[in-house]
Each structure stands twice: as C-alpha cells, then as structure tokens.
Amino acid sequence: MSTHTTSRPAAAGPTAASPAATGPADPATARFELVREGAHRDGVEIVHYEPRFPVPGTRAERRVERTIAFFFLLTALSATAFLAVFIWWPWQYEIGSTLSKLYTPLLGLTLGLTLAGLGIGVVIWGKKLLPHEVAVEKRHIGSSDPEDRRITAAAMVNIADETSIGRRPLLRRTLALSLLPVGGVAIAPLVGGLITDPHKSNMMLRTGWDPANNDGERVRLVREDMTPIRPEDISVGGQITVFPGIPEGRTNKHADSPTLLIHLRATDAERARANIGRIPINKDAMYGNFVAYSKICTHAGCPASLYEQQTNRLLCPCHQSQFDILDNAKPIFGPATRRLPMLPIELDSEGFFVAKSDYPIPVGPGFWERS
Amino acid sequence: MSTNAAIRNRRRLDLRAIPGQTVGELDDRLHSARPLRSLMNKVFPDHWSFLLGEIALWSFIVLLLTGTFLTFFFDPSMEEVTYQGSYAPLKGMAMSRAYESSLELSFDVRGGLIMRQMHHWAALLFMAGIVVHMFRTFFTGAFRKPRELNWIIGVLLFWLAFLEGFAGYSLPDDALSGTGLRIANAIILSVPVIGTWASSSLFGGEFPGTLIIPRLYITHVLLVPALLVALISAHMALLLLQKHTQWPGPGRTNTNVVGERMVPRYAAKMGGFFMLVFALIAMMGGLLQINPIWLFGPYEAAVVSAASQPDWYVMFLDGSTRLFPAWEIRAFGYTVPALFWPTIVLPGVLTVLPMLYPFLEARFTKDKQAHHLLQRPRDVPARTALGAMAIAFYVVLLLSGGNDVIADKFQISLNAMTWAGRVGLLLLPPLAYWVTYRICLGLQQHDREVLVHGVETGIIKRLPDGRFIEVHQPLAATDDHGHGELEYAGWTVPKKMNRLGALAPTVRGFFFPIEKPAAKPALPRPAEAPVSPAVTPVRQEIESGRR
Numbered sequence: 001m002s003t004h005t006t007s008r009p010a011a012a013g014p015t016a017a018s019p020a021a022t023g024p025a026d027p028a029t030a031r032f033e034l035v036r037e038g039a040h041r042d043g044v045e046i047v048h049y050e051p052r053f054p055v056p057g058t059r060a061e062r063r064v065e066r067t068i069a070f071f072f073l074l075t076a077l078s079a080t081a082f083l084a085v086f087i088w089w090p091w092q093y094e095i096g097s098t099l100s101k102l103y104t105p106l107l108g109l110t111l112g113l114t115l116a117g118l119g120i121g122v123v124i125w126g127k128k129l130l131p132h133e134v135a136v137e138k139r140h141i142g143s144s145d146p147e148d149r150r151i152t153a154a155a156m157v158n159i160a161d162e163t164s165i166g167r168r169p170l171l172r173r174t175l176a177l178s179l180l181p182v183g184g185v186a187i188a189p190l191v192g193g194l195i196t197d198p199h200k201s202n203m204m205l206r207t208g209w210d211p212a213n214n215d216g217e218r219v220r221l222v223r224e225d226m227t228p229i230r231p232e233d234i235s236v237g238g239q240i241t242v243f244p245g246i247p248e249g250r251t252n253k254h255a256d257s258p259t260l261l262i263h264l265r266a267t268d269a270e271r272a273r274a275n276i277g278r279i280p281i282n283k284d285a286m287y288g289n290f291v292a293y294s295k296i297c298t299h300a301g302c303p304a305s306l307y308e309q310q311t312n313r314l315l316c317p318c319h320q321s322q323f324d325i326l327d328n329a330k331p332i333f334g335p336a337t338r339r340l341p342m343l344p345i346e347l348d349s350e351g352f353f354v355a356k357s358d359y360p361i362p363v364g365p366g367f368w369e370r371s
Numbered sequence: 001m002s003t004n005a006a007i008r009n010r011r012r013l014d015l016r017a018i019p020g021q022t023v024g025e026l027d028d029r030l031h032s033a034r035p036l037r038s039l040m041n042k043v044f045p046d047h048w049s050f051l052l053g054e055i056a057l058w059s060f061i062v063l064l065l066t067g068t069f070l071t072f073f074f075d076p077s078m079e080e081v082t083y084q085g086s087y088a089p090l091k092g093m094a095m096s097r098a099y100e101s102s103l104e105l106s107f108d109v110r111g112g113l114i115m116r117q118m119h120h121w122a123a124l125l126f127m128a129g130i131v132v133h134m135f136r137t138f139f140t141g142a143f144r145k146p147r148e149l150n151w152i153i154g155v156l157l158f159w160l161a162f163l164e165g166f167a168g169y170s171l172p173d174d175a176l177s178g179t180g181l182r183i184a185n186a187i188i189l190s191v192p193v194i195g196t197w198a199s200s201s202l203f204g205g206e207f208p209g210t211l212i213i214p215r216l217y218i219t220h221v222l223l224v225p226a227l228l229v230a231l232i233s234a235h236m237a238l239l240l241l242q243k244h245t246q247w248p249g250p251g252r253t254n255t256n257v258v259g260e261r262m263v264p265r266y267a268a269k270m271g272g273f274f275m276l277v278f279a280l281i282a283m284m285g286g287l288l289q290i291n292p293i294w295l296f297g298p299y300e301a302a303v304v305s306a307a308s309q310p311d312w313y314v315m316f317l318d319g320s321t322r323l324f325p326a327w328e329i330r331a332f333g334y335t336v337p338a339l340f341w342p343t344i345v346l347p348g349v350l351t352v353l354p355m356l357y358p359f360l361e362a363r364f365t366k367d368k369q370a371h372h373l374l375q376r377p378r379d380v381p382a383r384t385a386l387g388a389m390a391i392a393f394y395v396v397l398l399l400s401g402g403n404d405v406i407a408d409k410f411q412i413s414l415n416a417m418t419w420a421g422r423v424g425l426l427l428l429p430p431l432a433y434w435v436t437y438r439i440c441l442g443l444q445q446h447d448r449e450v451l452v453h454g455v456e457t458g459i460i461k462r463l464p465d466g467r468f469i470e471v472h473q474p475l476a477a478t479d480d481h482g483h484g485e486l487e488y489a490g491w492t493v494p495k496k497m498n499r500l501g502a503l504a505p506t507v508r509g510f511f512f513p514i515e516k517p518a519a520k521p522a523l524p525r526p527a528e529a530p531v532s533p534a535v536t537p538v539r540q541e542i543e544s545g546r547r
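Residue numbers (my numbering), protein chains in the order written: chain A, 1 to 371; chain B, 1 to 547.
The hints are simulated quantities; they were obtained by calculation from the structure and are not laboratory data.
Where a beta carbon is used, it is the ideal one built from N, C-alpha and C, also for glycine.
Among the clues, some could well be false.
Stated by the list, open to error - Below 25 Å or equal to it, Euclidean Cα-Cα: the simulated BS3-like pairs (lysine-lysine) are: (1) A:K138 with B:K368; (2) B:K496 with B:K461; (3) B:K145 with B:K366; (4) B:K145 with A:K138; (5) A:K138 with B:K243; (6) B:K145 with B:K243; (7) B:K42 with A:K128; (8) B:K368 with B:K496; (9) B:K243 with A:K127.
Said to hold, decoys possible - Which residues of chain B face chain A? A few of them, derived with a C-beta cut under 8 Å, are: (10) R136; (11) P264; (12) A301; (13) S308.
Same shape as in the complex, but just chain B (with noise of 0.2 Å):
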C-alpha cells in the first residue's frame, strides 16, 4: 500500500465507527455504561399469568395513541347546533356541538371511526386487564410484604381508570351518555350534606347546564391520564426496584430471581406481546362495532330507551344500584336516599378494603415475613375461598346490571330477575366460600397423594391372589411399604404419564418430518422426582394446609 493511498484511507469516513465512536460520545456525556449494563441485565421470571398486567400496560399506550388523535377533532361544548353533516338520519336536528364533533369524527373525517371504536376497546380491554392482572395478584399472594405498596398503587389505578373510562364515555353527549350523567348527578346528590352543593358547583347549576362536558373533558385528556402515567410510572419503577416475584420450583428461593435476562429474548417476547395487544385493539376497533353513537341519537332529558347499559367495568355499580331496596332514611328534616348506599358507599368499602387486606391477611396470619415465591391458590384455601366470593359477589352484581337484557332475552319475570339478584348477592357468596375451600383441600390432598403413591399408569395388574390394583408410578426411592418420601414443594406434581416422559417427543414438520425423531427414552423408575427436596432447600416459605 504506498502513503497516498493511506492517506487517502485515512481521510475517508469509516462508516463502521460511526456507532461506536457516537456511543463513545454519549458515554463520555452520561455516564451510562454500568446503568446501561444493569438495566440490561435485569432477571425477569416466566410465566404466563406474568404477562397479564403488560395487557393492561400495552392498553394503556394504545388509548395514549389513539385518544391523542381523537382530541384534534373533538370540541368538548354543549352549544346547541343544527346537525349539517353527511350522516343523513340525523340531518337538521338540533344537538350539541361535542355530539356533532363525534358523529363528524365517526362520518366525516378519514379513518375517524376506527380510531373512535379502537380507542373504546382499548379502554374495555385496559380494565379487563388491570382486574385479570389483580386476580393473579391476589390468588398467587403476589402483594404480601414487601409489595404492599404497589398493591395499594394497583387498587389506586383501578378505580382512576374507571373514572377516566366514564369521562370519556360521558364526553359524546349522546343519549346513552347523557344518562348515564344524568344518574352520576342523582348519586352526587344522594351524599349527605354536601351533596346538593357538590352538584350544582359540578355542573355549574341545574344539571346539566353547559359546563359539564367541557370539564370532563379536561379531566379525561389531562387530569385523570397524568395521574395514571404518574401512578404507573411508580408501579413499574416498584417492580423493578423489588423484583419480580417467582413461582417455587428447583433452584428458585426468597433471595433469587431465576429467569431469563431482559435483553434479547425477555424484550423480544414483550415486545412482540405489545405488538399482538395492538393487533388485537385494531381487529376489534375495525370489526366490531361499539358504542354506535349515531343510533342513540343527541340527549335529550325526557328519553330513553330499554337496555341503556354502562360501560362492562361500571355495570356491576348499576348492577348493585337496581338490587338495594328502597330504603331511604328520613329524620330531622333530612333525607339520605336510597342511592347513596350502593353507589357511594358500597364503591368506597371496595376501595379501602382491598388496600387493607395485605395488612389484615398478615396479622391474621401473624406473618410479617417479605416473601418473594409465589403460592398456589390451593394452598391458601381461606385467601383463595375469600377471592372466589368476592368474584362472585362481583358476578351476581355484573349480572344483575343487565338484568333487565337477560329477562327479555329469556321471558323471565324482570321482578324475578331482581329478587333472584337480591338472594343471589347474599347466598351465593358465601357458597362460592364453602365450594373453593373444598377444592382447595381437595386438591392439595391429591398433590399428596400422588406424592406418596405415585402417578397412574393406567396399568390394571392382577394380583396371584386375584385382586386387580393399579400400578402407580413412584416419583422417588420408595420405602419398604411403596410410598415415596417426597415432601411436597409448593409446586405443580406431575400427575399424567406424559408428564415424566412416557411420551415420545414431538416429531417436527407439517406435511413430513424436518428431524429425526430422538429415540424414545426408557422410561426407569426416576431415582429423583421433577419436584425434589433436594434442590429446594428453602422451606420456610412453603406453607400447607390451614392458615
């Protein structure tokens, strides 16, 4: 090589430093190369019951997205107009503007409606998600010490979202949602003492006057999302802070986390998770029709039409409204209507119950340990029972908010659909208590079963003396009467042949095989279980039986 063309070299741009020397710079700014490497680093745990709460998570920024482009059309005021646009059946009537700006967002501006529908089921599929995500929480004992915190924040973003949900759902001004605002203002008023003033200086006056919708509004794009961001920023920051929580299993114990670390293949799996969320939001918002408000047509005070249901998420509050009798007190000159009770104070006993209960749990069970392996259900059967009747208190009230749809649906006398809703909301929880905690001991003694006598085989044997048994397969050394000496780990028992490898592996390939398949294994008596004492040494966190 002669110097010029060294030079020459040397002068021209090496297009292959650039990253490195640009990270080099930034590093040289920011010091981030150890953070970088530690956040990189980070151990997440598998499961699948793991990924609920990203659902709710990946919601959330969809309704970021799609709700950004909703307010560049959208005009949040209650001044009367005659409606001009392309949707004919409506042309010439009078209505609000908020009103007109929907149906134009929906009929007149491209793309509009898919944005309008998308934005509704993000926000149906948000909620689902944040109340799937706070039963496996719950059921798996994820919120014990030290994750208290992040509970509370969890029951907290709850009930934002379920403000935020019925903000926006109020903001189309249409009948349906003019309703529904016309029964959150009887519930301000139920409220003693301050209730009549808390409405008129909501509403700026009589209800509902002009101010509402435009203070919804702002409500629903600034006050209630900055406070969910906030809020979920802190949950996060919680979790990575204290760490996931891991299932038992061999190796895993309260001083480790066993998992995979975050980058390539953990942020590959969550990112196309995101990715599938979005997919599904966009089929829906495009497929499935939601909240047509151009059939409702504008609110109007003196109508309404059969089957004005809530939003899913506020369905059991309307649910628990139609059930409470009509009991109003009356003394001094003073009313307290009928309504305050289930809809101010059943949602306020629901808000501080669930955040009390990782204290009330540890000091029935005088447990004051931090506990990082999760439970299953089974073993906890009073927490479990518990859970399973508030599910099905929840249920009987989510019914009964469509009480009057499925007595319609099926001929059933609507007054029978009621008292059924009535009786059901006492009795069926505390069944629903008895029923799970049966299962619970059921299964946890099945566990041990299997543990001591082994899997079925399915195998009949005759014996010489002519008794048929069935052969069970030990999952360890067995003593001198056949029964294993396996203690049980807080974890799945394998309890299906299949599940020690009795089966052949899969053979890869749709039409033939791409591999040849391995060799089948012998299947010896297993001189060590899938669930061995020996590799988890850690007991003190596996709790069976009663609590």
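Chain A on its own, in the form it takes in the complex (with noise of 0.2 Å):
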C-alpha cells in the first residue's frame, strides 16, 4: 500500500505566514494551504491527505462513479414510482384481498428505495470519492486556564460584593422569606386545578351495582344487549359477562362494574357453598348452583376473563393470576394478593337475576387506604 501523505499540496512545509504570498503555480494548491492554515488555527493538524484517486479518470475511478449514479438513478426511479401509486394506485378500504391491500406495502417499498438510494450514493460517494484524510485536533482537558478561573471567579465574586447582600441582612431576610412561597405560588395554579378527590361520592368502593343508581331498585343482571337473564339462560358449567342493568351500565363509565355469572356444575356448587359458608361476607352471595365475580382482576384491574370450566379456575391474562372459582375466587397462582369480590345475587319478582346490593368490598387493584 503507497503511504504518500499529502499528494496533492506537494509542497508541504510551514507556510503559516501568509500562504497565499508564496504564489504556487497550482490555484488548487494554493486553495489547500489555505485550508491547511485554517485547520491549524483551529487546533487541527491534518497529517494525512489522500486522493482517492491521484489519476483521475482511471477505470476504477469511473466505475465507483458508474455505481454511485446507479443508486441516485434508482432513487429518481422509485421516487416517480412512489408518487405514481401514490396517486393513482386504489387506495380506499375494500373487503377481500384487492388491489387497494398493496397501497401501504407499495408506499413503503418505493418510499424505501428513494431513500436507501439516495442514502447509499451518498456514503460510497463520502467513503470511495472524497479524499481520505487522518486530521489530529489538540484536546483540552481537565479545567480551564488557571487565569480565567481566577478572573471568572473575582468576577462573581465582584457581583455578589455589588449586591452587597452580605452586609444588609434585613434584605437577605425578607428576600427569603418572600421567596419561600414563591414556589407553592408556582405550583398551586398548575397542579391545584387538576386535584380530584378520590373520596368523594365513595368512587373507590362505588359501583354501578349500588341501588343508588337505580332509585332503590336493586340492580338487574343483563347481558352486553342490555337484556336481563334468567337462571335458564346460562347452561350448566357455562358462564356469562353481565353488567348492572342502569343506563350506560356496560360502557367504560361503570369500568369497575363488569361481572362474571358462572353456573355452577352440582358436585362444585356443593364444595363452593361449603367454602362460601367460611367467609362471612360471602355467606349469602350465592343463589342455586350460581356465583357472580368481579371480572376485575385484584392485581392491576384488567377483566380475569379466561374461565377453564375444567378446573374451575379464572385466569387473568394480563399478568396470569389465577383464582379458584369454588373457594370464593380465591387467589392460586401469581401476583394477585386478593379474592376476587362476590356480588351477592339473587331472583326478582320476575324470575331475573339482580344484585341484592353493591359489592361489599371495593373492586379491583389494591390502594393505600384499604385495609
């Protein structure tokens, strides 16, 4: 490998005076000490500087020209391509596989290609085309010049001593006291507005189910149609997502309402009423052969709505905690730390089931305030 350094300024050597006064034949020369002379008033030392091609016009030379304008083509080709689809290609959704599904995927494509062409032509023309170069620029390290430290700093010091609020303490004081709620007065107007009580109107333990938003009336069981359901309508081993029976009672502003109705298989009620008879608030939660959960999960609120009819158990398919339908949803298998509530049920005077009352323990993830 040919180690020439500096090929092109042939005549090299200190022309830090005045390089353009030397008056090289060569203007391109000249230009280059110029540059040469720039780079050293910057810290920069530029020790080695190649022409890709000290020949100009070789063969190799013009075929890296020849690929290099082979990708800017390409790039001029599939940039018309891209405004053609663009434009004409049908583009508005249709059912079935028709020509309008390859509108994005042609979009990309020739989007794609404009771009990698451009992008490569660019790099093998930096890499290939321009001179190669090894320039070594002076580092400073570590702190500023001593002096300037010092001046710097007898210069805010200077500021400080100008403020004089050294030697006038009833000003230092009353400055800090007038600033100490300065930064509440910043905060409150920004921050105060958005401050809602969770609290009020008993939201955290509140659902849909309370008779409350019903005029007394205990709450309906209905399907997502908003129709009620009667103890007939679920199979036996099946179950059903059931909201409370309100206006707007299955849309995202009762989210803490969504309940599972699962008919029971006669040998499992028998062993989930005999583990219901254990847990006093769940004691008269069942009817017949049916249990009513919240489908809120206890971990992070999302709906445990996988039910595996076979074991009987409800997974959450979120963060996979798993709760055991027969003793009072129970929680078996990962990070949920809570039963899954019961919503006590029973039949109304027309045969449908509704909601004896509200949840009696909040739904849904854990807070600081429960107990």
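With the hints as a guide, bring the two chains together.
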C-alpha cells in the first residue's frame, strides 16, 4: 500500500505566515494551503491527506462513479414510482383481497428505495470518492486556564459584592421570606386545578350495582345487549359477562362493574357452597348453583376473563393471576393477593337475576387506604 | 473590446459572482466566518460503534416528521360516537372519537396508514437505538469523567422516551391501549399515601373518565417532546464541547482527537446514514404491519384478549409485574399492594442506579482522572461483567413479559414459565457475571500470548528430534527465547495471518478485474508490529487485569 502523505499539496512545509503570498502556480494547491492553515488555527493538524484517485479518470474511478450514479438513478425511478402509486393506485378500503391492500406496502417499498438509493449513493461518494484524511485535533483536558478561572471567579464574587447582599441582613431575610412561598405559587395553579378527591361520592367503593343508581331498586344483571337474564339462560358449566342494568351500565362509565356470572355443576356447587360459608361477607351471595364474581382483577384491574371450565379456575391474561372459583375466587397463582369480590345475587319477582346489594368490598386493584 | 461593450458587460448580472457576494453580505451582518470554519474543522474519530447513537437521533427526526402529520387528523376526544367509516367490520359500533379518528387515519386518509406505522416503527427503533448506544457507552467506559453529565442526560432521555412511547400508544383508545391504561392506573393506585389522589387527579375522577386521552395527548405532542428536544440539544452540545472519545491506537492519546474533519467526508457519511435509517423505517412502515388497532376493537372495560403485550421497551416491566410474588403489606389499616415493588420501586432503582454508576465506579477504582480514550470491554472485566449481569436481568424480565406467548407456542405450562422466570431472575445474573468475567480474563490472556509468541501460522514443523511445533509469526523483534517484547496497548491485537498482510490484496471488479492486482508483498519478519509501544507513548490510560 502506498503511503504518500499529502499528495495534492506537494509543496508542504511551514507556510503559516502568508500562504497566499508564496504564489504557487496551481490555485488548488494554494487554496488547500489556506485550508490547512485554517485547520491549524482551529487546533487541527491534517497529518495525512490522500485523494482516492490521484490520477483522474481511471477505470476504477469511473466504476465507482457509475455505481453511485446507479443508486441516484434508483432514487429517481422509485421516487417517480412512489408518486405514481400515491396518486393512482386504488387506496380506499374494500373487503376482500383487492389491489388496495397493496397500497401501503407499495408506498413503503418505493419510499424506502428512494431514500436508500440516496443514502447509499451519498455514503459511497463519501467513502470512495472523497479524499481520505487523518486529522489530529488538540483536546484541552481538565479545567479551564487557571488565570481564566481566577478572573471569572473574581467577577462573580464582585457581582455578589455589588449586590451587597452580605452586609444587608434585613434584605437577605425578607427576600428569603418572600421567596419561600413563591414555589407554592408556581405550583399551586398548575396542580391545584387537577386535584380531584378520590373519596368524593365514595368512588373507590361504589360500583354500578349500587341500588342508589337505580332509584333504590335492586339492579338487574344484564347481558351486553342490556337484556336481563333468567337462571335457565345459562347452561350448566357455562359463564357469561354481566353488566348492571342501569343507563350506561355497560359503558366505560362503569368500568368497575363488569361481573362474571357462572352456573356451576352440581358437585362443584356443593364444594363452592361449603367454602363460601367460611367467609362471612360471601355467606349469602350465592343463588342456587350460580355465583357472580367481579371481573376486575384485584392485581392490576384487567378483566380476569379466561374461565377454565374443567378446573374451575379464572385466569387473568395480563399477569396470569389465577383464582379458584370454588373457593371464594381465592388467588392461587401469580401476583394477585386478594379474592375477587363476590356479588350477592338473587331473583326478582319476574324471575330475573338482580344484585342484592353493591359489592361489599372494593373492586379491583389494591390501594393505600384499603385495610 | 470597445468601451460600449465593456459598459454593457459591467451592467449585465454576473451570475458567478452572486454566491460570493451573498456570503460576503451575510458575514457583514453575522460575523460568522471564524465560527463556521471552526465547526467545519471539528475532528470526529471513526468507528462503527459511534454510529449507534445516530440511529436514535435520526429515528427521532422521523418521529417528529410523521408525528406532526398524524396530529392533522387525530382527535384526542373521548366523546362517544358511532363508527360510520369505511372499515366495514366495525360499522355501527360505539367507540370514542379518539379511536374513530385513529381508524380514519388508517382507512380514510390517503397514505395515513403508512404514516401511522412509520411513526410506531420509528418509536421502537428510537428506543432500540438509545439502548444499544447506552450499551456502547457503558461497555467502553465512555461515561467516565468528564462525561458523567452527558451519561445522566442519556439515562433521562431513555426514561423520557419510555414515557413518550407509553403516552403515544395509549392514544388510539383501542382495547389494547385501554388495558394498558388500566394497568397504569393500578400502578398509580399502588403508590403509598398519595396513590388514590394521584390516580383520581390524573384521570379527573374514576377510571377511565373522559379526560385522560386529551391529557395524554398534550403530554405526548408538547410536554415530553419539548423536554426531549431540549435534552437532545444539550446532549449534542456537550458532545461538541467535550469532543468525542476515541479508541486507543497509533498516535491517539488522551490529549488529542484523531479522525477526519466533519466536512465533507464525515458529514457525507452521516447524511447518508440518516437516509438509510429513514429508508429502513419507511420500508418497515409499509411492509410490516404494526399495532393493527382495527383488529383489537374499541376499549371496553370487560374485554381483553390473551397475548396482550405492550411495546417491547415496556415489556420488561410487564415481566417484573408477572414474576413478583403475591406479597402485599397490610398494617395499621393501610395497604401497600404487590404492584408497587415491580412497577414503581424497580424503575426508580433503574433510574437512579445508572445515573450514579459513573461516580460509584470512580469511587471504587479511586480513579479521578479525565478519560478520553475508550477501554475494550475485556480490559475492565468487573464493569463488563456487571453490564452482562444487568443485561441478563433485563432479558429474563423481557422474556417473562411474553411468557404466556412462549408457554402457548412451545406447549409449556404457564406456571412453570412464571417459576422459571422467578428462579432465572435470581440465578442468571450472577451466572452471567461469572461467565463474562472469565471470558474477559481469557481474552486478555490470549492477547498477551499472541504479543509474546506471535500469530499462529497454521504451519506445522517437525524438529530434528521428532517433535512437532506450530510455527508462530512474531509481531516484533524477539529476545533470545523467541519471545516478543511488545506491551499490550489497549487495542486489537492481530491474531490472523491475513491481518499481517499474508493474503494478497482483493482483486476489484465483478465479472473481470478492473485493475491489475498489486504484487503480493513478501512477508518479512515484521520489524514493527501494527501495535507498537513506539507509537503509543501515553501509557497512563491503559489498564489491564483486575480493577
């Protein structure tokens, strides 16, 4: 490998004084001396400077040029294609596999090629055609010049002196006193408006099942389409998501209310009944072979909605907490720590399921004030 | 030339003089010749690993471009509407205006879908760029004095980008993002003392309410981006001020920067790289579907599907949430939910610990020097092993974030996956530490072996007494025992004959050679090795062995 340093500006040497005055025949060389001088003034020494192709017009050089030109042409072509696709390709959504399904992929492909052609071309230009150089720049390490430090420090101390804060304790103290609440003034209007009391209207405890939402009447259990449910509507071993039968009962306005109504098999129901008897608040919550548990996971609030019929387990798909339906929905695996609350249910005079009352304990994830 | 012609010439606009005149006029007003020259003369060292941060920077620019487009159509409103757009399967469904306008963006705006998908892919790439750039900075010791401040800014940028990403993918109000918000609400609730107040204040009452999407929107398009732009600017300004670190090598010392001036070659490569990152994002945005919100449906509190995973950079926190045992503290009538530890305390530790790391390391190694030369990871086994430990910890959490999918696809018990994650989280990081430490020591040892004995040539020689030995090519003049006297210089030691020029130069040309290959150089006993103590006079930078 040849290692000719600084091949173009052949006449090197210390030309710091006035490079232009030496008057070399080649203006390019003279200009490069200026560049070198400029770099020198910025603390940069160009120690190696080597054109990629010292002899212009060789086959190798033309080849690099052709390669770059190819990529620029690719850009021209795909940019045109992008515009054509953007304007004329059918783009509106239709059902089935139609040409419009290719609209976005084609845009991505043509736009990608457009940018990639430009990018590759420019990178090759930089790497293969532009002169290779090694420049060394001085690095100032450590702190500033001691003299600069001293002068700046003096200036700063002087400023402090000019304010004379040191010898005016009255001003100092009153200023500190006035600044003390200013932080609060800055924050209060920003944050104050946001603050909402979480205990207003018992938000953490009440759900849509509270009879107060229904003029004091017990709230019916309804399906997604707001129709009420009779016991015979659910097959043995089946389950259904129910919502409070009140206006907007199934919308996100009552995000804590979705409940899972499960029709247990007779043998499972026996076990469930025995276990439920042990927990005072759940004692009268079961109706026949039916149980209703909150669908809102006590861990992070996802709907714990994967019901395994064979094992009578309820799985939350977010963090895999598992609850035993036959034992008061006790958490048996995963990060959940509390049982799913049980909704006390019975039938109303027309034979539809209703909630006897609201959930006796808060629904959903744990929080500080909860005992 | 007649006088008349001369006058005509003078009056005619001289096009070639315009640029010069303009620049002159500009300088009259801005006085910028010298600062401009200084900027162009800035020297940048070259190494592929220095490009990793640029991936993040260029992705951020794409994010700004595509994101601005999206705001022209997205409506951050939780008002309930009935869908009447062109995506037939959802027609007539009740949904929020935010979700409806996201569907409009995807189906009823020409080129809207590719913009949405490019924005999402660019966000994923932005985070990935930040993470690999942090790895590079950590493992090479680039965070050491005087660059601790820039490292801290980098850590803050990571968490800001994390927040920005979460706010962004919560905006469409589809089933997946709504579930994510619900979990976020539970996380806020889990904070002791202020949790419920913080939650109801952020959501403006009970979850989900009607305020959270507009609030997330202004956070996503104004507050966090403004902070990101400010911190990225500070990051770049500090880089210019302190100059880039460099690898050790011939002529490279702690007091210089060896490389090339910014303009033109470095700038060309940088600009080209921007185009390439942009191209990659465009192709991914067009060809690879991401976050198909129309398949998830609008958010309803009772609906969720299995395999609900967040974006990759949030997944490790999902994993920590899944693995943490059901340990809830209940005392004096108050509760600290289990959720608090893996989702508030862990990220808190992961914010503070990296920020303190430069100072901790300096304290433990009693190193108060400024460093501008990078270290090879093998030369600082303790730090490299700590990094590997952190990565092992992270990877276990990341995989656990998708453990239900792994369990499903590989027919493994879900509970077994959770337990594997719990045990793995405790066992794998120390194991990674030990293995990495040993590998570093082994690599160090091999470097020194080659420096002393030379490069293996692959030539087996039989000695007169019948022994077989492999011939080694020494890297420098040897002593009486045939041992080289080179010292390790903190940079790559050539370990293959090809690196010493034993292979003929490449013949250029695709179908036929376009130039005659140069004659193969005869391989002499090298008088001076590629890494020679003679050209690396500054020794205080290079450390080896245990720290």
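Results for each hint:
{"no.": "1", "hint": "A:K138 with B:K368", "in the structure": "22 Å, holds"}
{"no.": "2", "hint": "B:K496 with B:K461", "in the structure": "18 Å, holds"}
{"no.": "3", "hint": "B:K145 with B:K366", "in the structure": "12 Å, holds"}
{"no.": "4", "hint": "B:K145 with A:K138", "in the structure": "18 Å, holds"}
{"no.": "5", "hint": "A:K138 with B:K243", "in the structure": "10 Å, holds"}
{"no.": "6", "hint": "B:K145 with B:K243", "in the structure": "13 Å, holds"}
{"no.": "7", "hint": "B:K42 with A:K128", "in the structure": "21 Å, holds"}
{"no.": "8", "hint": "B:K368 with B:K496", "in the structure": "37 Å, violated"}
{"no.": "9", "hint": "B:K243 with A:K127", "in the structure": "23 Å, holds"}
{"no.": "10", "hint": "R136", "in the structure": "20 Å, violated"}
{"no.": "11", "hint": "P264", "in the structure": "6 Å, holds"}
{"no.": "12", "hint": "A301", "in the structure": "4 Å, holds"}
{"no.": "13", "hint": "S308", "in the structure": "6 Å, holds"}
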